[in-house]
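With the hints as your guide, set chain X onto chain D.
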Amino acid sequence: MTPAADADATAPRYLRDRYAIVGVGETTYTRGSNLSTRALGTWAVKNAMEDAGIPAAELDGMMSYSNNDSTPSPMIAGDLGLRLNFYMDVYGGGSSSEALVGLAMGAIEAGMCNAVAIFRSMNGYSQVRIGGTGARARAPVAGDALHTTPYGWFSAGQNFSPSFMRHMYDYGTTPEQLAMVKVIHSEHASNNPKAYYRQRVTVDDVLNSRMIVKPLRLLDCCVETDNATALIVTRAERAGDYRHRSPRVLGVAGRVCKPRSDMHFQHGPISTVAGRYIRDIIWPNAGVGPEDIDLTGAYDAFTFTTMLQLEDYGFCAKGEGGDYVSSGVMRLGGERPNNTSGGHLCEGYTHGMNMIIENVRQLRGEVDDSCPLDGRGHRLHTYDYSEGGCRQVRDANVSMNLGWAMPGTGSSLVMRRG
Amino acid sequence: MAKRPQPRFPEPHTEPFWEGAKQGELRYQRCAACEGVVFYPRQHCPACGADELEWLVSKGEGTVYTFSVVRQNRMPGFIDLGAYSVAYVDLDEGFRMMSGVIGVENPTTDIAIGQRVRVEFEEQEEGEYPIPLFRPIG
Chain D
0 MTPAADADAT
10 APRYLRDRYA
20 IVGVGETTYT
30 RGSNLSTRAL
40 GTWAVKNAME
50 DAGIPAAELD
60 GMMSYSNNDS
70 TPSPMIAGDL
80 GLRLNFYMDV
90 YGGGSSSEAL
100 VGLAMGAIEA
110 GMCNAVAIFR
120 SMNGYSQVRI
130 GGTGARARAP
140 VAGDALHTTP
150 YGWFSAGQNF
160 SPSFMRHMYD
170 YGTTPEQLAM
180 VKVIHSEHAS
190 NNPKAYYRQR
200 VTVDDVLNSR
210 MIVKPLRLLD
220 CCVETDNATA
230 LIVTRAERAG
240 DYRHRSPRVL
250 GVAGRVCKPR
260 SDMHFQHGPI
270 STVAGRYIRD
280 IIWPNAGVGP
290 EDIDLTGAYD
300 AFTFTTMLQL
310 EDYGFCAKGE
320 GGDYVSSGVM
330 RLGGERPNNT
340 SGGHLCEGYT
350 HGMNMIIENV
360 RQLRGEVDDS
370 CPLDGRGHRL
380 HTYDYSEGGC
390 RQVRDANVSM
400 NLGWAMPGTG
410 SSLVMRRG
Chain X
0 MAKRPQPRFP
10 EPHTEPFWEG
20 AKQGELRYQR
30 CAACEGVVFY
40 PRQHCPACGA
50 DELEWLVSKG
60 EGTVYTFSVV
70 RQNRMPGFID
80 LGAYSVAYVD
90 LDEGFRMMSG
100 VIGVENPTTD
110 IAIGQRVRVE
120 FEEQEEGEYP
130 IPLFRPIG
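First to last, the protein sequences are chains D and X. Be aware that the first sequence starts at 0, since it is given in numbering that gives the first Met the number 0, and climbs by one per residue. Be aware that the second sequence starts at 0, since it is given in numbering that gives the first Met the number 0, and climbs by one per residue.
For reference, chain X alone in the conformation it holds in the complex:
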């Protein structure tokens, strides 16, 4: 089981995102004033400055915009992973999220820009918050 770092709370503006992860929901925000999509969670809409942001749940499907593959990382939580990817995923609802692509045999050769992916919530060995990562569809 993975040992990725856990969020540390209190964290007023992002806690609902992580609570969503616990329930298997990929949550994002939308501005009540300008209807702009907001991600990563925050207090104010960066487009219009309004502070009424509502929470929505993404279907969790998107496209790999770009990625890289870290061949090794000696930090706690990553040392056992071996090669792992960092990917920016364009969710169908219109926001781009940093995450990673899992579920491929060889991250260095098996991930591509433009790949369709779906979120899944990876349980961690320590801590109650799963980490949202993406797996290729089909």
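For reference, chain D alone in the conformation it holds in the complex:
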């Protein structure tokens, strides 16, 4: 049974509409930040505070996640002159950011604090790289590693690729279809001055890049960058105190697992991912369905992760993910654009947080592209999505973030325009 199995989807339950994301901020996306994760995290939270216009006295909660590659909240709070009533630093990478939004709502609901800043700070290129070197390479071969390490199964790409291979086998999904995820995200990134990779690429560029872990080629894999990202959650009724028309949280699902999360691959079908289970929670809780979603943020650690999630959440039929991602639906100007910032494949890697930030800005109608500003600092969006142009989605009312930890675990966040 899922938590929402007894819910009336027409009634505002599970804190639907009661919370808002009132501020977002980030550092530059770079390689070789030459800064500590403490300095990066402080910079990102400070930017989120300035974005919201929230005074230090009103921000009394902080949360973060990391793979022991960050700096804990008390340090960041100290640097910002905040006195916290609540903090929690958890272990985790992808899919943590959506889950932590839900936990922040719970902490506020319980009266523990009034507003929570959530941050992710990482030197993902110059210190701890996710791609299999660094800390992971030195882990001792004991405990759970005994059934993986002797076989050479370490990095995310090595971990996920067997699922991708089986999907291609079961459904005839092709490398050409998957390449379109990178192509589309690169188009979006070309309109994002913040993105680390802003150059548009073609299907041939992807297919001609070298094989890393079959079936992944270099351009199927996300970029590794140094950066920090942050957002601020508080009650919807306080959102009016701050600067923006802040998006409301319609629903959240956190760290939902497939059966047997210890070894999900033993319990097929392996080409099904956690989204198959998340959808039973998130749609009733949010009170919307796939047809109501105007834009998605489907985690793109790899081109395949975007596709597998969109498919299992029900944006297309099972097995038709290849068609969905290559059809143009996900393009700016398409029916449901995905990762309009360029995502992890192009903008930068922050374990999902930057995709929430992007959707917050989209729902405000204030995406930071190169469109001209009016006298009050608001963008005059042109909706011309050609290279270097606009990336604001027209009439962006409801967004969904599809967070990925691994094939067997994920999270989701649905927001609406404030």
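Rather than coming from a laboratory, the hints here were simulated on the basis of the structure. Just to be clear, a hint being listed does not mean it is correct.
Distance windows between CB atoms, simulated [as the list claims (entries may be wrong)]: (1) Asn67(D) x Glu124(X): 53 to 59 Å; (2) Met111(D) x His12(X): 37 to 43 Å; (3) Thr381(D) x Arg115(X): 56 to 62 Å.
Note that CB positions come from ideal geometry on N, CA and C, so glycine has one too.
Just chain X now, with coordinates in the frame of chain D:
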């Protein structure tokens, strides 16, 4: 000779598996209460929770459920391998095991889902425990 990482003991629940590898046996567990097949070795049956698990020896034959090929790995133990496969193998006794397929000329092109494979225990340059890997049958 390969230099894959060795298990580090004590490891109460998995040591019998690795002792089996030393004797050329691919061992798995079966729940005495519900008769469910259990792999990787553990203390309790994940299906019924019983803690009486008996050890059996697999015939070592199975089918490749899925796989990938790591083109290079700079970690000690893998740096000399060049391209190598990681495969999930469905053993005929009813459990799925992470391992790899060896004995093909080109792992990137010569391994397929559905391929029949048989276990073999690859001796390692360092350490006394061979690593169970699979070779295509026929």
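Here's how the hints hold up against the structure:
A hinted range of 53 to 59 Å for the beta carbons of Asn67(D) and Glu124(X) is inconsistent with their spacing of about 32 Å. Range check, Met111(D) to His12(X): about 39 Å between beta-carbon atoms, so the 37 to 43 Å window is met. Taking the beta carbon of each, Thr381(D) and Arg115(X) are about 59 Å apart, inside 56 to 62 Å as hinted.
Violated hint: 1 only; the structure is consistent with all others.
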